[in-house]
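Participant: Spelled out from the first residue to the last, the chains are:
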Amino acid sequence: EPEVTQTPSHQVTQMGQEVILRCVPISNHLYFYWYRQILGQKVEFLVSFYNNEISEKSEIFDDQFSVERPDGSNFTLKIRSTKLEDSAMYFCASRTLSEKLFFGSGTQLSVL
Amino acid sequence: GESVGLHLPTLSVQEGDNSIINCAYSNSASDYFIWYKQESGKGPQFIIDIRSNMDKRQGQRVTVLLNKTVKHLSLQIAATQPGDSAVYFCAENINYGQNFVFGPGTRLSVLP
Numbered sequence: 001e002p003e004v005t006q007t008p009s010h011q012v013t014q015m016g017q018e019v020i021l022r023c024v025p026i027s028n029h030l031y032f033y034w035y036r037q038i039l040g041q042k043v044e045f046l047v048s049f050y051n052n053e054i055s056e057k058s059e060i061f062d063d064q065f066s067v068e069r070p071d072g073s074n075f076t077l078k079i080r081s082t083k084l085e086d087s088a089m090y091f092c093a094s095r096t097l098s099e100k101l102f103f104g105s106g107t108q109l110s111v112l
Numbered sequence: 001g002e003s004v005g006l007h008l009p010t011l012s013v014q015e016g017d018n019s020i021i022n023c024a025y026s027n028s029a030s031d032y033f034i035w036y037k038q039e040s041g042k043g044p045q046f047i048i049d050i051r052s053n054m055d056k057r058q059g060q061r062v063t064v065l066l067n068k069t070v071k072h073l074s075l076q077i078a079a080t081q082p083g084d085s086a087v088y089f090c091a092e093n094i095n096y097g098q099n100f101v102f103g104p105g106t107r108l109s110v111l112p
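Order-wise, the sequence lines are chains A and B.
112 is the number that the numbering used here gives the last residue of the first sequence; the numbers go up by one with no jumps.
112 is the number that the numbering used here gives the last residue of the second sequence; the numbers go up by one with no jumps.
This is chain B alone, in the form it adopts within the complex (with noise of 0.2 Å):
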């Protein structure tokens, strides 16, 4: 039969392609937004975070969009490469405060 809660979205790109995965957090007085990286049997490894001051930040190969007025964040890869397989989480948290909440997760397979 079949195991609550291992059926996470399913992202699947082309290697070379860019890589969209969205999230849409919970709480409109969230105030700082974090997107980690799982590996299988890994912790979570940060990889880029925003303010709600700003809407839009770039790291290296990565770009992270922040819409408050929809409670949507996005997370772009560009050039998603073999290595970019893993789980993506994005993490919300209020006012400094001490719980970051997490979302449900995208799993990205690149494909050869």
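If we strip away everything but chain A, and leave its shape as in the complex, we get (with noise of 0.2 Å):
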């Protein structure tokens, strides 16, 4: 069965620095997302991206957080100057028009 495949699955970074999660979503799929999940809370959206631009995005989603499809298989998360608040698992999704969302095993981010 085809798969979200996310990299790296952990990430530790310093407060300030940039950080970028890779994905690499399902071949014939058209929507992309990014999610998170701070340790025991709910998934909670950050940003939708489709046709190569973002078409929705959250409030937590601020200045500090870009998405970028820069070939036809990658997307990408990048957070420029991070926070300890943005520790978090990152999920990456996709889905065609009317199909579930397939997410990917995550990135657990950790901002010391």
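Everything labelled a hint here was simulated from the structure, so no lab data went into it.
Hints may contain errors.
Straight-line Cα separation of at most 25 Å, DSS-like style, residue types lysine-lysine; simulated pairs [claimed, not checked]:
#1 B:Lys42 with A:Lys83
#2 B:Lys42 with A:Lys42
#3 B:Lys71 with A:Lys78
#4 A:Lys42 with B:Lys68
#5 A:Lys57 with A:Lys42
#6 B:Lys71 with B:Lys56
#7 A:Lys100 with B:Lys68
#8 B:Lys71 with A:Lys100
#9 B:Lys68 with B:Lys56
#10 A:Lys100 with A:Lys83
Assembling the complex is the task here: the two chains are given apart, and the hints tell you how they should meet.
Facilitator: Below, the structure is given as structure tokens:
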């Protein structure tokens, strides 16, 4: 079964540093997402991306965040200057228009 | 001291019994719903979905019930097994919109 893949599985960074989280969505999917989950809490929407542009974003997704689809397969989330409160599990997801959302296994980001 | 957000509602059931997990969704305009299972350290895994033109849908050992009148969704798991132990989230979507909104989650513990 096709799957969404994310790298790295764990990322440790110093506060103020930039991080890039990487995702390879399922190949025939058109909509791409980033969600995050702080330990023990619910999954929170960050941003959705379609046709090479952001289609929707949440209040969490401020100017420190950006997304990019640099080629035909990768989808990245960049945090320019990480804060302690950015520590969370970040999930990438993708889907076609009428299909369920498929999630990757996540990247655990720890900001020290 | 206590950590905010770690006190998920918990449902404990005996192995072999049926489980019912409930979810109250927020938006009366939501028309597509998904139940996800999340095991520790993993991404949400699709279980079953339902559209608002239905009130019941069955899968393998799982049934989803939708009551639009009271904005309530439930997941029934038949003959619960130890491998069913996980956190279960409902997610709602409006009119094929971009954003899936997740509920707070319920932890299911299966007792031997």
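Participant: Holds or violated: Lys68 (chain B) and Lys56 (chain B), Cα atoms, limit 25 Å.
Facilitator: Status holds; Cα separation ~11 Å.
Participant: Is the hinted pair Lys71 (chain B) and Lys78 (chain A) satisfied, with a Cα-Cα distance of at most 25 Å?
Facilitator: Not satisfied, since the Cα-Cα distance of roughly 36 Å exceeds 25 Å.
Participant: Taking 25 Å as the top limit, are the C-alpha atoms of Lys71 (chain B) and Lys56 (chain B) close enough?
Facilitator: Holds: Lys71 (chain B) and Lys56 (chain B) sit about 14 Å apart, inside 25 Å.
Participant: Given the proposed pairing of Lys42 (chain B) with Lys83 (chain A), does the C-alpha separation stay at or below 25 Å?
Facilitator: holds (24 Å)
Participant: Please work out if Lys100 (chain A) and Lys83 (chain A) have their alpha carbons no farther apart than 25 Å.
Facilitator: Violated. Lys100 (chain A) to Lys83 (chain A) sits at ~32 Å, over the 25 Å cutoff.
Participant: Measure nothing beyond the straight line between the CA atoms of Lys42 (chain B) and Lys42 (chain A); if it is 25 Å or shorter, mark the hint as holding.
Facilitator: holds (13 Å)
Participant: CA of Lys100 (chain A) to CA of Lys68 (chain B), is that 25 Å or under?
Facilitator: Holds, at about 20 Å.
Participant: Is the Cα-Cα distance between Lys57 (chain A) and Lys42 (chain A) 25 Å or less?
Facilitator: Holds - the C-alpha atoms of Lys42 (chain A) and Lys57 (chain A) are around 17 Å apart, at most 25 Å.
Participant: Would the pair Lys42 (chain A) and Lys68 (chain B) pass a check requiring their Cα atoms to be no farther apart than 25 Å?
Facilitator: Holds: Lys42 (chain A) and Lys68 (chain B) sit about 23 Å apart, inside 25 Å.
Participant: Are the Cα positions of Lys71 (chain B) and Lys100 (chain A) separated by 25 Å at most?
Facilitator: At roughly 20 Å apart (the allowed maximum being 25 Å), Lys100 (chain A) and Lys71 (chain B) satisfy the hint.
In this structure, the earlier hints numbered 3 and 10 are contradicted, and the remaining ones agree with it.
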